[in-house]
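A.B. asks: Residue numbers (the numbering used here), protein chains in the order written: chain R, 34 to 173; chain Z, 34 to 173; chain X, 34 to 173.
In short, the hints are calculated from the structure, not lab data.
Some hints could be false.
One copy or any two copies: either way a pair holds, since identical chains are not told apart in the list.
[Claimed, not checked] Derived pair list, reagent style SDA-like, types lysine to any residue, alpha-carbon separation capped at 25 angstroms: (1) 43 with 94; (2) 57 with 92; (3) 43 with 93; (4) 43 with 157; (5) 57 with 94; (6) 43 with 92.
Next come the chains, spelled out residue by residue.
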Amino acid sequence: MSDLPETSVKTAVTPPTHNAPPAKFSHGVRKGNILQVAGQVGNLPAQEGRPPTPAGPDLASQVRQTLANVQSVLAAGGASWEDVVMARVYLTDVAHFAEFNALYDAYFAELTQPPAARTTVYVGLPPGLLVEIDALAVLG
Amino acid sequence: MSDLPETSVKTAVTPPTHNAPPAKFSHGVRKGNILQVAGQVGNLPAQEGRPPTPAGPDLASQVRQTLANVQSVLAAGGASWEDVVMARVYLTDVAHFAEFNALYDAYFAELTQPPAARTTVYVGLPPGLLVEIDALAVLG
Amino acid sequence: MSDLPETSVKTAVTPPTHNAPPAKFSHGVRKGNILQVAGQVGNLPAQEGRPPTPAGPDLASQVRQTLANVQSVLAAGGASWEDVVMARVYLTDVAHFAEFNALYDAYFAELTQPPAARTTVYVGLPPGLLVEIDALAVLG
């Protein structure tokens, strides 16, 4: 921590793959050794002239894309999943828990650091979206 | 960070405008360079002898009051929205998303720092309440 | 903070009382002065050959066990409730709020530090579970 400036700078983190947020928030924010990733959903990388488009209607497509989208924000903020201490998972259906876990475990098969803590709850999301994930990383 | 004491003090943050919390929790907690604001709803400033009263039955009244209530806690903790890295937004109805975003953007029109990251999900709240927001600020 | 190593280590926190997580996540993660406790539910201490078993079907049993489970993770990470700045509470029924608060207040009757901030929302949880709680502690 000794190389942090006395007043740490707040930086917005915006991966080139992402659509502009639909409101005045940042996809990620870095301040000091904290990197907070905003709630990500399973939208495909942004494409000029195309509205936000989910990777697919199914859980597997959306979970893989959501995790990739969190990863893009982490990378744009100088971090990786190895630095994440907490992932918050929002699913829409309790029946998705087992499949979600299988997808999650497969995605993190290569992780070399201890996995993040996690909270999983079941909420409402906009129509067509099955999963949302945000993440807190501690760097340094 | 070099001016932090070796053992940082945990302080409860209680704005004078707020009713006492309905249970053993703090409206805000400051420890080291972290300021956590508890979930705020759209209740009007506390008034002797009046139970907690929402600013209005409608989304706009409650969103503006909720954001003001978060701001009061931030201010009482020596921070402002400029220091917030994450806002968690709980709405009760997906149909409120567009109007919520318009209100949110208007509220933050003057923000000079990058806006906070945000996660928005749809949950249940006590009857009459349409929105709840909490916030994590990193100071220093 | 002066005794933190320049690169802080990420450590998984696993209390001996806990079942293995059902997926690739940690019950708690410590990095630098941050300790994040994953979402805990009201399961009894793990017992060889027994699947995860809630302390009871009722709110009181589950709330007491959930708070004890958060405490176990805090303790295994070198912390206590005194260090917690934020508790996130997920209930399944708005009608449980008053009883939950009474249980929460009783549990924290002896707390000597200011209580944590808190957000309480109503979500879906797996069948039979009435409460989930996670916690963020700041140490040092």
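A.B. asks: For each hint, tell me whether it holds in the structure or not.
C.D. replies: Comparing the hints with the structure gives:
1. 43 with 94: Classified as neither; 33 angstroms inside a copy, 30 angstroms across copies.
2. 57 with 92: Only across copies: residue 57 and residue 92 sit 18 angstroms apart there, 28 angstroms inside one copy, limit 25 angstroms.
3. 43 with 93: neither (34 angstroms within a copy, 29 angstroms between copies)
4. 43 with 157: Classified as neither; 31 angstroms inside a copy, 33 angstroms across copies.
5. 57 with 94: This pair counts as between: shortest inter-copy Cα distance 19 angstroms, intra-copy 28 angstroms.
6. 43 with 92: The answer is neither: 34 angstroms in one copy and 30 angstroms across copies each exceed 25 angstroms.
The structure fails to meet hints 1, 3, 4 and 6 from the earlier list, while all remaining hints are met.
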